[in-house]
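Using the sequences and the accompanying hints, generate a full structural model.
Residues per chain, in single letters:
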Amino acid sequence: MENKTITFKIDGVEVKGSPGQTIMQAADEAGIYIPRLCYLKDQVPHGSCRVCTVEVNGTPQAACTQPITEGMEVKNDTPELKEHRRNIVDMLFVEGNHFCMFCEKSGNCELQAMAYRLGIYAPKYPYLFPESSVDGSHPDIFIDRNRCILCGRCVTASRDIDGKNVFEFVGRGPEKRIAVNAEARLSDTDIDVTDKAAEVCPVGAIIKKRIGFAIPVGERLYDKEPIGTDIESKIKSEKVS
Amino acid sequence: MNKMEQSAVKKICEDNRNDSSKMMDIVKTVQNEIGCVDDSIIDLIAEQVNTPRVKIEGVVSFYAFLSKKPKGKIVIRVCDDVVDKINGAYDVAVAFCDELGIRMGETTSDGLFSLEFTPCIGMSDQAPAALINDTVVPYLTASKVKEIVRELKEKQDPLKLSLKNGDGNNAHGLVRSAVKNNIFRKGPVIFADFEQGTGLKKALSLKPEEVVETVKASNLRGRGGAGFPTGLKWQFTRAAKGEQKIIICNADEGEPGTFKDRTILTEVPELMIEGMSIAGYAIGADKGIIYLRGEYAYLKAFLEDVLENAREKNLLGENILGKTGFNFDIRIQMGAGAYVCGEESALISSCEGLRGDPKTRPPFPAQKGYKEKPTSVNNVETFCCVSRIFDIGADKFTEIGTEESSGTKLLSISGDCKKPGVYEYPFGVTVEELLEETGAEDTQAVLVSGPSGQFIASDSFKRKICFSDLATGGSIVIFNNKRNMLKIAYEYMAFFEEESCGYCTPCRVGNVLLKRRLEKIIEGKGEPKDLDYLNELGESIKYTSRCGLGQTSPNPVLTTLKNFRSHYEILLKEAEDGMQPDFDIKDALSVSEGLIGRKSVIY
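Line order of the protein sequences matches chains A and B. The numbering used here puts the first sequence at residues 1 to 241. The numbering used here puts the second sequence at residues 1 to 603.
Quick caveat, the hints were computed from the structure, so don't treat them as lab data. Yeah, the Cβ is synthetic: ideal placement off N, Cα and C, and Gly gets one too. Watch out, some of these pointers could steer you wrong.
To be verified - Looking from chain A toward chain B, a few residues come up when the C-beta cut is under 7 Å (computed):
1. Cys49
2. His84
3. Ile88
4. Asn165
5. Phe169
6. Arg172
7. Lys176
8. Ala179
Said to hold, decoys possible - What the simulated footprint calls covered on chain A by chain B, stretch by stretch (three residues with Cβ under 8 Å from a Cβ of chain B suffice, anywhere in the stretch; the number is not a length):
9. 59 to 67
10. 91 to 102
Said to hold, decoys possible - Computed footprint of chain B on chain A; a stretch qualifies when at least three of its residues, placed anywhere within it, have a C-beta under 8 Å from a C-beta of chain B:
11. 36 to 48
12. 118 to 129
13. 180 to 194
As structure tokens, then:
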């Protein structure tokens, strides 16, 4: 059993982690927030969004997949990295059709909250206006591919937690999209509204029916505090106690 | 699906031991025999192989040569790479459309022919070229198409086309291809004489660790484009924990303008296979895989025969050349049309029967590669160099080339030159010498190492081909003064958009945005600030992308911006009225006007 601690730096601040941890895991425990979208705690990191890109000893790496090593120098909160992250979030917005004004996820959406945190009001790239499909076939769960950011959380959750393989990616490149384990419709799969796969979506691509707009504006998750606060407040609460 | 097709699919699955890691072979065979992998077939395979149907659909939808919709019995794929276009690919395509009575992307109503475009098939020196099922038809012209279609309609089999055989082993009984080698310069490493077994014998007289040290001492660097030190890669793989280790030969050769590995596979495959055996001995592997791009399927039967010959000579198999306990054998894994599978971890994914997605690194293949086993992926040419190193000695190898780039480099040169083909040069040759040798005139630009490399202008023609100056996996494309550099860059951006695996945001979306902004400039609607947009976006894609594809795909734009900036600048103008030049208010209103039934009063 390895008892070693690995000591490294994030933006000059010393952080201690344990062998096998990624930069993100160690940073989260230390109360340092590295922005991320596709990452979900306790899931195999997907490494697809690239929002968590940090500079490690001069080289860009995804914090969610990069293991920590002794003496590593990580840069996280720099203007350059912030600009790269804004670019990626902008790309995600223009790649889909994200109509926040009528989306049920608004206020609880990680993409929207990340945009606010990064100071984005409108993307700087032109909208691509793709044609994406929706699937309302299932009695309890609705899929809207216009909003999917291809994070893979649903694929991983369905496979690793629900043991069902309801979701998988099809297509290549800009055509890549989420498909279901049936010829066409979600209702032909064995998904259930209680499945983990039905609740892990960071955006409004997988929505449980008859829940939307139940929480009033002002009381939603990200109305109260910016995304990432849950991780940053670790330090604050430790300082208080 | 009728009963015959059902039992055919079942048999294909059973021939592959109902093993989901053989999914590539299963779906490829089904595609070839039945013409598609549709929903009912996917369901049947899912049942036989015990894999979720959506996973199979994921594989089928990833590779260009697989399709859910039925394709014709004969699929004609006209190569639309830049070099082919320059040499008349569109005229050839139009001729096929006329003869068959269908458009590109369609299938004839009798189900006999499908017609489509395909990216670089490794025939840039004999362009325009097409694939007709597995048969390569090089040196095409619009006038040849009529006779080809007539013959196809008559014989219903591209293998029966009366095409004159090419040179060397292109005329071999198991190849019988019209492809030509066009090897115009042979050097001391790849195309020099070689007695099969020489290198392996010498390697086996050493301990495996000594073999690794010899390769390190030779200063050999990978010949596929990335240039990673081979000895170091083998050292890591040898040291990695694992009961079984794997050697993989990357014969995907997808970088546009690269066709040098094709000539190795045709003329000196023994040299390559011997290098794989040496590698197996060095790292402690008993298994080797040759990942052969689908477009080179015409070489498969020949290569299987070469492997069988090697087994008969005890250069493969068990207790090789009398070395008790050294067992090593090689199988061929066919690709199915995906440039990204030239990336080593995507290649491994494909070997495992998955979508060709690059894998999360770390761990690197040396630690966890094929089926999580320590794996070394090396290029075709690299393995040839290994054989030669043991033949002539590491010292002799370092005497060839330059200080930091030992040995020779096979260059596949094409484009605007009189003698497109393969040239083996010691490292250190200048671009100027290449232009001279290949008979290039009025050269405007040279694309070094394909679109993932760099466009250089005449101010760089005295520079050298080597790892410390102009590095290349082999691709050299020459463009003369008649060519439009921005349109060429655009074509390559379209290539990357198509070939991106789509896993990560910057590559999947960013390349589309780059391509569109370039299009705007080409159409004359560009503004000066667009150049900053291209630079910033391009750098961001490179910085944040997950694999080598995204880390280099902006290069056609970035390197033409750097070396041909004036070509962009003359097309730009400041927007006078403050409106975005590519926004047309009347056009934007036309849909609403149609819906409401009246025209805008203001506009």
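Comparing the hints with the structure gives:
1. Residue-level restraint check for Cys49/A holds (minimum Cβ-Cβ distance to chain B is 6 Å; threshold 7 Å).
2. Proximity of His84/A to chain B holds as hinted, the smallest CB-CB distance being about 5 Å (cut-off 7 Å).
3. Checking Ile88/A against chain B: minimum C-beta separation of about 5 Å stays under 7 Å; hint holds.
4. Hint status for Asn165/A relative to chain B: holds, with the closest Cβ pair at about 4 Å, below 7 Å.
5. Here the hint on Phe169/A is kept, as its CB sits about 6 Å from the closest CB of chain B, short of 7 Å.
6. Nearest Cβ of chain B to the Cβ of Arg172/A: about 5 Å, under the 7 Å cut. The hint holds.
7. Annotation: Lys176/A was flagged as interfacial toward chain B, and the flag holds, the nearest CB pair being 3 Å apart, inside 7 Å.
8. Of the supplied interface hints, the one on Ala179/A holds, with its beta-carbon coming within about 5 Å of a beta-carbon of chain B, less than 7 Å.
9. Look at the stretch 59 to 67 of chain A against chain B: 5 of its residues bring a Cβ nearer than 8 Å to a Cβ of that chain, three or more, so the hint holds.
10. A stretch counts as covered by a chain when three or more of its residues have a beta carbon under 8 Å from one of that chain; for the stretch 91 to 102 of chain A and chain B the count is 4, and the coverage holds.
11. Interface restraint, the stretch 36 to 48 of chain A with chain B: holds (3 residues with C-beta to C-beta distance below 8 Å; minimum three).
12. Proximity of the stretch 118 to 129 of chain A to chain B, defined as three or more residues with a beta carbon under 8 Å from a beta carbon of that chain, is established by the 3 residues found.
13. A stretch counts as covered by a chain when three or more of its residues have a beta carbon under 8 Å from one of that chain; for the stretch 180 to 194 of chain A and chain B the count is 4, and the coverage holds.
In this structure, none of the earlier numbered hints is contradicted; all agree with it.
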